[in-house]
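K.L.:
The task is simple: from the sequences and hints, build the whole structure.
Protein chains in written order, with the numbering used here: chain A, 249 to 802; chain B, 249 to 802.
In case anyone wonders, no lab produced these hints; they're calculated from the structure. Any given hint might turn out to be false.
[What the hints assert, rightly or not] Each computed EDC-like pair below joins lysine to aspartate or glutamate, with the alpha-carbon atoms no more than 20 Å apart:
hint, chain 1, residue 1, chain 2, residue 2
1, B, Lys756, A, Glu276
2, B, Lys686, A, Glu710
3, B, Lys435, B, Asp636
4, A, Lys637, B, Asp571
5, A, Lys254, A, Asp527
6, A, Lys686, B, Asp434
7, A, Lys422, A, Asp389
8, A, Lys752, B, Glu276
9, B, Lys637, A, Asp527
10, B, Lys465, B, Glu502
11, A, Lys319, B, Asp571
12, B, Lys465, B, Asp482
13, B, Lys601, B, Asp571
14, B, Lys752, A, Glu276
15, B, Lys319, A, Glu746
2 protein chains.
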Amino acid sequence: MNDGLKLVIIGGVAGGATAAARARRLSETSEITIIEKGPYVSFANCGLPYHISGVIPQRNSLLVQTPESLKSRFNIDVRINTEAIAINREKHTVTIKDLKSGIESDLAYDRIILSPGSLAFKPPIPGIDLPQIFTLQTIPDLDAIMKWISEKKVRRAAVIGGGFIGVEAAENLKERGIAVSIIEADKQVMPPIDPEMAELIHQHLRVMGVELFLEKKVKAIVEKNGALSIATEDGTSIETDMAILAIGVRPRSELAKKAGLETGPMGGITVNDRLQTSDPDIYAVGDAIEIHNPLSGLPGYIPLAGPANRQGRIAADQVFGRDSRYRGTMGTSICKIFSLSAGAVGVSEKYLKRMNMSYKKTIIHAGNHANYYPGSEPIALKLLFTPDKGAILGAQAIGTEGVDKRIDVIAAAAAGGLTVFDLEHLELSYAPPYSSAKDPVNMAGFTAANMIRGDHIVIHAEDIPGIDPAAALLLDVRTAGEYKRGNIPGSINIPVNELRPRMKELDKEKKIIIYCQVGLRGYVAQRMLTLSGFDAVNLSGGYKTWCMVNRLPV
Amino acid sequence: MNDGLKLVIIGGVAGGATAAARARRLSETSEITIIEKGPYVSFANCGLPYHISGVIPQRNSLLVQTPESLKSRFNIDVRINTEAIAINREKHTVTIKDLKSGIESDLAYDRIILSPGSLAFKPPIPGIDLPQIFTLQTIPDLDAIMKWISEKKVRRAAVIGGGFIGVEAAENLKERGIAVSIIEADKQVMPPIDPEMAELIHQHLRVMGVELFLEKKVKAIVEKNGALSIATEDGTSIETDMAILAIGVRPRSELAKKAGLETGPMGGITVNDRLQTSDPDIYAVGDAIEIHNPLSGLPGYIPLAGPANRQGRIAADQVFGRDSRYRGTMGTSICKIFSLSAGAVGVSEKYLKRMNMSYKKTIIHAGNHANYYPGSEPIALKLLFTPDKGAILGAQAIGTEGVDKRIDVIAAAAAGGLTVFDLEHLELSYAPPYSSAKDPVNMAGFTAANMIRGDHIVIHAEDIPGIDPAAALLLDVRTAGEYKRGNIPGSINIPVNELRPRMKELDKEKKIIIYCQVGLRGYVAQRMLTLSGFDAVNLSGGYKTWCMVNRLPV
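P.N.:
See below:
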């Protein structure tokens, strides 16, 4: 179907290269051309930070395909260092410009797949264009950073922005032996994660020796003897040798806009579920488009490599008459932060609040595998769900091992429309080195479903200050030793194993706010007291979560 | 609801202990009694093998709960060393026997939850009861093994049976410095896995120094100077100091049978989806029951700890008027074999063949994470699915890292009713240390869906010998170097990157059987040839899978 047509793909990295290869597998006779502005196609952009440290030692290994390999294997005409400067929709041509010679020419098309990607955001700050300030999106960006570090013998670096790329850059600079600070305007790093969960990352970054400046908005950057002085709005001044700007990215949609294609409120190209733009002969994929989030039901802008790849495949299917449809982007993501992994899927609590959507939440703390098997490490898992049906709205997990597994399992469950009631029943693989008979995902399902059923009555750490101390009793049900090592001010201690005979010590007129270390013993105590006629609630996620919310060491 | 009732739980390990704790959380006033034949309740039976090697150094850490802890936290009356010898359904009593005093007494019940577990199968072989032969199901079993090893200074051990427990026992004996052989009657270890996949385990076991005797059925065992001589039916004789019998387990259903409760064809207790036996006041859970496999739609016997735990919870819910239902057991499982992990979910190909069920299959080989990020390790992933709809029937994965994740993702997808067409779209977390933009699960989905759509035309390695060599051409599309290092006899070599211009060298009258290393380049070549009018098929899983099927080193 559609044999012999001319397909022009604009942008040759994740989405574009995938689209080209898929297109060729569907048609031997079509003319497939990739127009790529930069000097490289199909490079491993997600791998760039790891070359800074030498964790990925060979720069070459980041070059997944070359124009030559795409030609010989897929018969694709790749034009690097070539910019698409206009789409002439009536004539069905793309005006391209050879960036080396400056020569412009027109290329005929039957269909276009736009995959121009995104651009690192550069805020209009004085000094932002100083040569010591870099972005990290492309091989030339990486080359410039590597050269600067070795030539200038960089000893200090600042990363402006604490998102995925910022945190990965910080880790790899540090691993290279460079003193690193992260400067973040928000009160937390890693925007897809909620603040109390991000606190685990903050503490880990500090332990690993990264200096963290939160709630510091950069005001100006000035050069001083070849080094930089970064001034923030609150008067802080950070001295460094170089800076990597990682504030976020913006969709590259200028070409599409110029061609009169529709764009959305976030500046991305608008597409339907066929990934078709407002011109049916033009498709768009990757970081340049706005998507629909099937978990929130809302539109969004989620620039990630996995979705870009799948979108490229779908756009090629569509071009060759296959009716593949894009199902939206849930935002399943994972980030390595030294020995920590932080993963997320769906939407965050702060997003749900901002959108005034109703939700319930639970945070559990469970070992990545059986506690009696050596090396068990805690995972903090937050689950957001609809208050009645228990539909999965989002999840976040942080820990050293097995975080990606739990996020992926929840992503797969959400893709199948499973609810928290189904997470209870999920049959996951168990042997002591891998999990527990009740996996953390099951545990999150149990607590969430118990909440909806009204069996588990919870209070969240942030709501404790709002309780009238005269009408409530804070009851720590951990052991005396745990209580002594740190507790919530104003609490009394009755270990859960002593609670049944000592229940009479409690005042039935008061609300009993129970807590334990992570919420499990507290739940047992809450059931015991509720069934015995008390007005009892359990602190969700226990003392550990209370510490996270209050930014205390965990 | 149902407050004040008398609940007797027979068997206090995984299912029984979970049921008891859940029961107490639902009712403060009921009398909950656990009758446990052995001296321990709620011990970590899955952890037993790891104490042999000292990987789990403390025996105590295997004792998850004690009668005392269950009493103080959950007010449960635990009677260890006590056997339930009869259920008197009309009188609503259980006759129990104190195994130390021999005294019998009757215990009244309103409801019973049967959780008696399973019994290691002991075939009627001469010598099977020799003191050097052990099973590994309980703490006393483990104690006996530990004592024998240290007192007798055991240097050689044989494991009879290569299932989960056998393989785990072999690993841990070996880690302790004991020379180990596995004697297996079947042609493969690990029954839930198909033979070509198990070949990866065989090769790894041999590399790790385990002597593997396959297709050797034990005929007789005799003692010689305190050691054992194990004779197999084919005349082999294996000399060893001790043996662990791990041939499999049988449901402990005698008590239920004696009470007139229904049992199934596999000898397990029959239950409905409320886990109710044929007597509505008696529930049964765990290794003693037969289940329904939601992926095959068929009944089965799948004794695993995870399902036992969830069943215990559901039975307790039912007793206290909650309408939880059991959804069946998919058989999601994972096993560590030295540095290898082998996981499975659903049913195997050999089972589908035995049941005469129609299916399709694919085997892919993909890195656990981005190949350019150091430490990427291959995962072999086999997917079984229905020929038309692509419903997931089963999956098997073997590799060193990330196997459990892929099995769990497929289990979650299958639980949501997702098909191979959905696996293509699954949005899984990606960063180079964790996965690839196209995760192995996506890749399995792509190849499976491409097969159903007719885009990917495959042949399986076991079907190659059936092809008339005069009518077919075996085409190796790997590089010349790969071809030289080993290839399928009779094949010619044209690297995929040279295939388009050299296509004219191929005979259009012949069927072209293409293969590459793992199937990816072969698929590109097959598309190229099919679209160019050839009768081309691609060897599923490539040369690597061909080696596995033919038991050649991979």
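K.L.:
So, for every hint listed, does it hold in this structure?
P.N.:
The hints, checked one at a time:
Proposed proximity of Lys756 of chain B and Glu276 of chain A is supported: the alpha carbons are some 17 Å apart, at most 20 Å. Of the supplied pair hints, the one linking Lys686 of chain B and Glu710 of chain A is violated, its CA atoms being roughly 39 Å apart against a limit of 20 Å. Of the supplied pair hints, the one linking Lys435 of chain B and Asp636 of chain B is violated, its CA atoms being roughly 32 Å apart against a limit of 20 Å. Of the supplied pair hints, the one linking Lys637 of chain A and Asp571 of chain B holds, its CA atoms being roughly 17 Å apart against a limit of 20 Å.
Note on Lys254 of chain A and Asp527 of chain A: the hinted pairing holds, with a Cα-Cα distance of about 16 Å set against a maximum of 20 Å. Restraint check for Lys686 of chain A and Asp434 of chain B: the C-alpha separation of about 32 Å exceeds 20 Å, so the hint is violated. The straight-line distance between the Cα atoms of Lys422 of chain A and Asp389 of chain A is roughly 18 Å, inside the 20 Å bound, and the hint therefore holds. With a CA separation close to 15 Å, the supplied pair Lys752 of chain A and Glu276 of chain B stays within the 20 Å bound.
Taking the CA atoms of Lys637 of chain B and Asp527 of chain A, the gap is near 33 Å; set against the 20 Å cutoff, the hint is violated. For the given pair, Lys465 of chain B sits about 28 Å from Glu502 of chain B by alpha-carbon distance, which is inconsistent with the 20 Å threshold. Taking the CA atoms of Lys319 of chain A and Asp571 of chain B, the gap is near 61 Å; set against the 20 Å cutoff, the hint is violated. The hinted pair formed by Lys465 of chain B and Asp482 of chain B meets the criterion: a straight-line CA distance of about 8 Å does not exceed 20 Å.
Of the pairs offered as hints, the one joining Lys601 of chain B and Asp571 of chain B is violated, with about 37 Å between alpha carbons and a cut-off of 20 Å exceeded. Taking the CA atoms of Lys752 of chain B and Glu276 of chain A, the gap is near 15 Å; set against the 20 Å cutoff, the hint holds. A C-alpha spacing of about 11 Å is found between Lys319 of chain B and Glu746 of chain A, which places the hinted pair at or below 20 Å, so the restraint holds.
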